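J.: Dock chain P against the given chain R, drawing on the hints supplied.
There are 2 protein chains.
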Amino acid sequence: MMHRMFVLYLLTFSLPALARQEDSLQIRAIADEILEHGRAYENLRVLTKQVGARLSGSAGMYKAEAWGKKTLEQDGADKVWLQECKVPHWVRGGKDEAYIAATRKINLDILALGNSMGTGPKGIKAPVILINSFDELELRKDEVKGKIVFYNYKFNNKLVKTFAAYADAGKYRSQGPSRAAKYGAVAVLVRSMSNAADNNPHTGGMNYNDSFPKIPAAAVGLRDANILAQLITDKRDVSVYLKTLAKMLPDTIGHNVIGELKGSEFPDQIITIGGHLDSWDPAEGAHDDGAGCVQSIEVLRALKAIGYKPKRTIRIVLFANEENGLRGGTKYAEEAKAKGEQHYFALESDAGGFTPRGFGFTVSDEQLTKIRQWLPLFTPYGVFELSQGGGGADIGPLNRTLKTPLAGLQPDSQRYFDIHHARNDVFEAVNKRELELGAINMAALIYLVDKYGL
Amino acid sequence: MMHRMFVLYLLTFSLPALARQEDSLQIRAIADEILEHGRAYENLRVLTKQVGARLSGSAGMYKAEAWGKKTLEQDGADKVWLQECKVPHWVRGGKDEAYIAATRKINLDILALGNSMGTGPKGIKAPVILINSFDELELRKDEVKGKIVFYNYKFNNKLVKTFAAYADAGKYRSQGPSRAAKYGAVAVLVRSMSNAADNNPHTGGMNYNDSFPKIPAAAVGLRDANILAQLITDKRDVSVYLKTLAKMLPDTIGHNVIGELKGSEFPDQIITIGGHLDSWDPAEGAHDDGAGCVQSIEVLRALKAIGYKPKRTIRIVLFANEENGLRGGTKYAEEAKAKGEQHYFALESDAGGFTPRGFGFTVSDEQLTKIRQWLPLFTPYGVFELSQGGGGADIGPLNRTLKTPLAGLQPDSQRYFDIHHARNDVFEAVNKRELELGAINMAALIYLVDKYGL
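Taken in order, these protein sequences are the chains called R and P.
Here our numbering is used: the first residue of the first sequence is 1, the next is one more, and so on.
Here our numbering is used: the first residue of the second sequence is 455, the next is one more, and so on.
Next comes chain R alone, as it looks inside the complex (with noise of 0.2 Å):
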């Protein structure tokens, strides 16, 4: 024990003294500048409010990089241009509807699944089969056929941090509609992936296996799920109307946009930070991911403002299609391995706008423990947890082809499972100075990682 205290020691105090103290007035620096000058907020007010929405193929989404091409060269990137790559066109085509035919009709308030197909503007009904778990579903796989499985897996409210209730309720949307139709379901309803107290439906992406029909697929608001859950427990026959109108069109054409500062000493050596520019079409995207998208703008044009230097390239990459193709990040990867690019770190923030808490690495122990010497430098800012394993969806492809070291910046979750993929993923929800001590810390790693290396 005491061998491990020594150590922690070393680690504690090996940053000579007066690196400490020019860090910690670089940050300072950095800090101030964001907080008296930062451009993220009106940067996230202008592609909120005139943007808007920016699902891959969509107008919005060329109206996405048109906005991100100008805002990179107005807040300081050297170079910007876009990377081409195919993307998915995922249209919803319509108003969703939904309701449970009882005597009385009771509206459910859903929106179909990001690349599921529609039922056709006839709609279908079908008798609803309420199962809670993939178990259950299998246990009771005789009863499906010719209903509508509604799956009514709950978010664990009791695992503090929100992703982790996300991860082990997120195969429900993913997987659900596939593992449904293979039993003869018809369509799917799945409890929308939140802890929220409203009833706005949650979307987000689902994934068909092609071995099973590919069945419409909608997420429902959680109050309507709780009465829907609570009528086939009361042992009604409860039958649904299901109308969408979603459709998947032929690949089109995206980019990721990309901005760039040139490093003075290892030019060679690109740091990658990002955020995904697309963003589900209920709403504006705001947390998801237009604030990762600002905030990494902002680390550019902050560092420049207070005249530093980075030794390594920096590049700011706004990444096309994470919602339902990731083939923004795929594609950077890919092109970067080609042409036999030197990835030395990357950073996504994609975890809202939220205030921030820490930052999750996928970097070896050694790098850890070196990162972790910086944690002094980082706390009056708000993160106090550097901790291995993180990286963000963009930046996982860099890391699993080229080795790369990754981060993610990790927000306060509480909130970010209230708007995710809902219509109230809205700017009003996002707060100025949480944003802003978010991009902070950013270029606070940044510049760390840039001056010391990892």
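Possibly wrong hints are sitting among the right ones.
Okay, the calculated beta carbon distance ranges per label pair [as the list claims (entries may be wrong)]:
hint : chain 1 : residue 1 : chain 2 : residue 2 : range
1    : P       : 575       : R       : 102       : 54 to 60 Å
2    : R       : 141       : P       : 532       : 49 to 55 Å
3    : R       : 104       : P       : 471       : 57 to 63 Å
4    : P       : 588       : R       : 163       : 45 to 51 Å
5    : P       : 555       : R       : 74        : 35 to 41 Å
6    : P       : 701       : R       : 102       : 56 to 62 Å
Please keep in mind that the hints were generated in silico from the structure rather than gathered at the bench.
All figures in this text were calculated on a predicted structure; none of them were measured in a lab.
Built from N, CA and C at the ideal position, the CB exists for glycine as well.
T.: Relative to chain R, chain P alone:
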């Protein structure tokens, strides 16, 4: 340095592993109870939506007292009583109005300051002098006579912990009117104590110095404050019309609402947990301080629900009149002293129902050292900082009178001054899980203080 590390080693590991594990499980049980069966959010809904604003002396105050008594009884207090105290009875008297009397009338969104005197129904119109600080007031004191002094001192955005900015700016609200009246000002406008992105004015208490005339005073929304300041800076002659109907009526009777769980081993040692029941009139007092009230009640409910029998007597106190007099907290300490009560520890939650970050303490260094051993028990629930300095306005008199050690819950402070004393301090601004996590950490602290002592 090694010595210091060795001390740290002892502190970190001095709680026996078995005790640590038992405590961890008990706190997990508290957390599960609150996250799964919590009553705080529903209690807050009733307080904010059915009672609403509850300033001292108002009808809302009496409704709130009845709500508090009933809720403490329902949520498991052995004994509930009201402790009478005199409270001030300030009334707004009607709608506050102000505009810049330019060619085109420009309305200003204002709220008269609490405890201020009104202009009378005719209002007053006078030239405005822009004053950015008390230093500037002293330099320009000869220009003040007959004018409205507009204090435009800005919230310091660079201070990451926003309460520090409030402490810095607050004197312009509390002392500004009398300091201007001293030099002949006829009224005061004060920039709202906030860093919000909106224009809601933020009221709050002020205190007249009896040596000078009691002139009207109001807070101005931030955007309007900027407009007004800009016009004056542009060297226009700016006059403002101001009408407020506020007045101070004679003192009336209010009550601290108190609920108790008798201690099993040291029943004479009292642990007080509280928030304040009063709130400003323009909103629902959801964060300030409905949140603290329902969290305090939730501590009692949850400890009882998991079957914990406190050694010491736990008292939940919903304090009267924090906002414009502190009569409730003062009375509580006076009576404690008069009765010779032993007040072992006191905890307040009065910084909003936002996600918890830490606790601030007013304790001896030895006590803080002991408390910090418990840190690993808090971090799974979001509390990472246990620091010297903190408590709460209502429990302050206990410390001053009886040297009672104090603690205050420190939630994330970024959003607090968006809603503080403004129209948007409503139930909808509170997140259920953030509120609950605050209650979990409070209950954990009380459990540990009760079990291990200080």
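J.: All hints, please: hold or fail.
T.: Status of each hint after checking the structure:
1. Distance hint for residue 575 (chain P) and residue 102 (chain R): a CB-CB separation of about 58 Å, consistent with the stated range 54 to 60 Å.
2. Evaluation of the 49 to 55 Å hint for residue 141 (chain R) and residue 532 (chain P) yields a pass: the beta carbon distance comes to about 53 Å.
3. Distance hint check: the CB atoms of residue 104 (chain R) and residue 471 (chain P) are about 60 Å apart, consistent with the given range 57 to 63 Å.
4. Roughly 48 Å separates the CB atoms of residue 588 (chain P) and residue 163 (chain R), a value that falls within the hinted 45 to 51 Å.
5. For residue 555 (chain P) paired with residue 74 (chain R), a C-beta distance near 40 Å keeps the hint of 35 to 41 Å intact.
6. Look at residue 701 (chain P) against residue 102 (chain R): about 57 Å separates their beta carbons, and that is inside 56 to 62 Å.
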